[in-house]
Amino acid sequence: MSRKFAISDTCFIIDWSYYKRRECLVKLFDIVLIPEQVLLEVEDERSISWISLQLARGKMQLFTPSPSDLREAERLILEVASRPYLKRIDIPEALCLIVARRINAIVLTENRGALLAAKLLKELKGVTVWRALEVIRESLVRGIIKVTSEKGVKDIFMEYERDTSHVFPKRELEKAVKEVLRCLGMKR
Amino acid sequence: MSRYEEIDEKVLKKILEEEIEFRRIRRESADWSFIEKQPPRIKAALEYYIETGDIRTSSKIAGLNLCVFRNILRQARIPVIT
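Listed in order, the protein sequences are those of chains A and B. If you're matching positions, the first sequence starts at 553 in our numbering and goes up one per residue. If you're matching positions, the second sequence starts at 659 in our numbering and goes up one per residue.
Worth flagging that the hints you see were computed from the coordinates, not collected in a lab. It is possible that some hints are incorrect.
Heads up, incomplete: computed chain B residues facing chain A, CB under 7 angstroms, no partners named [said to hold, decoys possible]: (1) Gly711; (2) Arg714; (3) Lys718; (4) Val738.
Calculated lysine-lysine pairs in the DSS-like style (CA-CA distance at most 30 angstroms, straight line) [to be verified]: (5) B/Lys701 to A/Lys639; (6) A/Lys671 to B/Lys671; (7) A/Lys639 to B/Lys672; (8) B/Lys671 to A/Lys639; (9) B/Lys668 to A/Lys671; (10) A/Lys677 to B/Lys695; (11) A/Lys639 to B/Lys718; (12) B/Lys672 to A/Lys674; (13) B/Lys718 to A/Lys706; (14) B/Lys701 to A/Lys727; (15) B/Lys668 to A/Lys730; (16) B/Lys718 to B/Lys695; (17) A/Lys730 to B/Lys672; (18) A/Lys671 to B/Lys672; (19) B/Lys671 to A/Lys677; (20) A/Lys730 to B/Lys671; (21) B/Lys672 to A/Lys677; (22) B/Lys668 to A/Lys674; (23) B/Lys718 to A/Lys671; (24) A/Lys727 to B/Lys671; (25) B/Lys668 to A/Lys722; (26) A/Lys579 to B/Lys671; (27) B/Lys671 to A/Lys674; (28) A/Lys639 to A/Lys698; (29) A/Lys674 to A/Lys556; (30) B/Lys672 to A/Lys703.
Because the structure is a prediction, the values reported are computed rather than measured. Glycine residues also receive a C-beta, built at the ideal position from the N, C-alpha and C atoms.
Please put together the full structure from these sequences, using the hints given.
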């Protein structure tokens, strides 16, 4: 069976490390890659100490992009910038997208530019991008986070919002809750 | 032939609607009295973030590391919404 890889952007990991159930991320994937450019941006004590611990445990791995990865990322930034319907991206998220495409990893980001690029750019077709919303949804569906009721499901998402000062879009949150209830065979 | 993708009008409309909704949520949640009290660069960066949701450019405007700026967003009660 192939190993499940994820590659994380800065904006995802700095919020995620404030979540009390943050360990579910490293149970969901075999390896979470942290690009060097992402690690350099993390200065917050809570985030850097959690990431360091996961690197030491081998659940996360530092990823050093090659010169050709960097050239590809720069090209992608310009492709995105040339389209008025997309939002700008920078090197860290561009690297995540191009590396994910190459190694079939899931991109972890809260960057709207990266999210829209993966959704709309023909060359990124097939690249999966997860926000915290999808990571929590999958953790619930796969039983990594255990719940026994519909209220329990909603509380898990709200807990993330409280811990990190993040807000999930209402419609997408409802969709995620519905999906979890369906997969767990819980009735509304 | 155009090198650009053909994007469904409905998809573009949805993206635009989301942008407007997210901006409204950031504006309405923000602690404006906290923002007003900030030094010029941080105030400008917080206002830029409310308008765009672009944390990296905002942190550069503020002249701060991204993590430090994220904590200022928390203090200003501006949520990250994607």
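Consistency of the hints with the structure:
1. Gly711: Result: holds, 6 angstroms to nearest chain A Cβ.
2. Arg714: Holds - the Cβ of B/Arg714 comes within 7 angstroms of chain A, reaching about 5 angstroms at its closest.
3. Lys718: Violated. Min distance 10 angstroms.
4. Val738: Given a least distance of 5 angstroms, the restraint on B/Val738 holds.
5. B/Lys701 to A/Lys639: Holds. B/Lys701 to A/Lys639 sits at ~22 angstroms (cutoff 30 angstroms).
6. A/Lys671 to B/Lys671: holds, 14 angstroms
7. A/Lys639 to B/Lys672: Given pair A/Lys639, B/Lys672 holds - Cα atoms ~14 angstroms apart, limit 30 angstroms.
8. B/Lys671 to A/Lys639: Answer holds: B/Lys671 to A/Lys639 is near 15 angstroms, not above 30 angstroms.
9. B/Lys668 to A/Lys671: holds, 14 angstroms
10. A/Lys677 to B/Lys695: The hint is violated at about 45 angstroms.
11. A/Lys639 to B/Lys718: With a Cα-Cα distance of about 17 angstroms, the restraint between A/Lys639 and B/Lys718 holds, given a limit of 30 angstroms.
12. B/Lys672 to A/Lys674: holds, 19 angstroms
13. B/Lys718 to A/Lys706: With Cα atoms ~35 angstroms apart, B/Lys718 and A/Lys706 exceed 30 angstroms; violated.
14. B/Lys701 to A/Lys727: violated, 35 angstroms
15. B/Lys668 to A/Lys730: With Cα atoms ~24 angstroms apart, B/Lys668 and A/Lys730 stay inside 30 angstroms; holds.
16. B/Lys718 to B/Lys695: holds, 19 angstroms
17. A/Lys730 to B/Lys672: Distance ~21 angstroms between A/Lys730 and B/Lys672 Cα, so the pair holds.
18. A/Lys671 to B/Lys672: holds, 13 angstroms
19. B/Lys671 to A/Lys677: Roughly 20 angstroms between the alpha carbons, so the hint for B/Lys671 and A/Lys677 holds.
20. A/Lys730 to B/Lys671: holds, 24 angstroms
21. B/Lys672 to A/Lys677: holds, 19 angstroms
22. B/Lys668 to A/Lys674: Distance ~17 angstroms between B/Lys668 and A/Lys674 Cα, so the pair holds.
23. B/Lys718 to A/Lys671: Distance ~27 angstroms between B/Lys718 and A/Lys671 Cα, so the pair holds.
24. A/Lys727 to B/Lys671: holds, 19 angstroms
25. B/Lys668 to A/Lys722: holds, 19 angstroms
26. A/Lys579 to B/Lys671: violated, 37 angstroms
27. B/Lys671 to A/Lys674: holds, 19 angstroms
28. A/Lys639 to A/Lys698: Violated, because 36 angstroms separates the two Cα atoms, which is more than 30 angstroms.
29. A/Lys674 to A/Lys556: holds, 24 angstroms
30. B/Lys672 to A/Lys703: At roughly 29 angstroms apart (the allowed maximum being 30 angstroms), A/Lys703 and B/Lys672 satisfy the hint.
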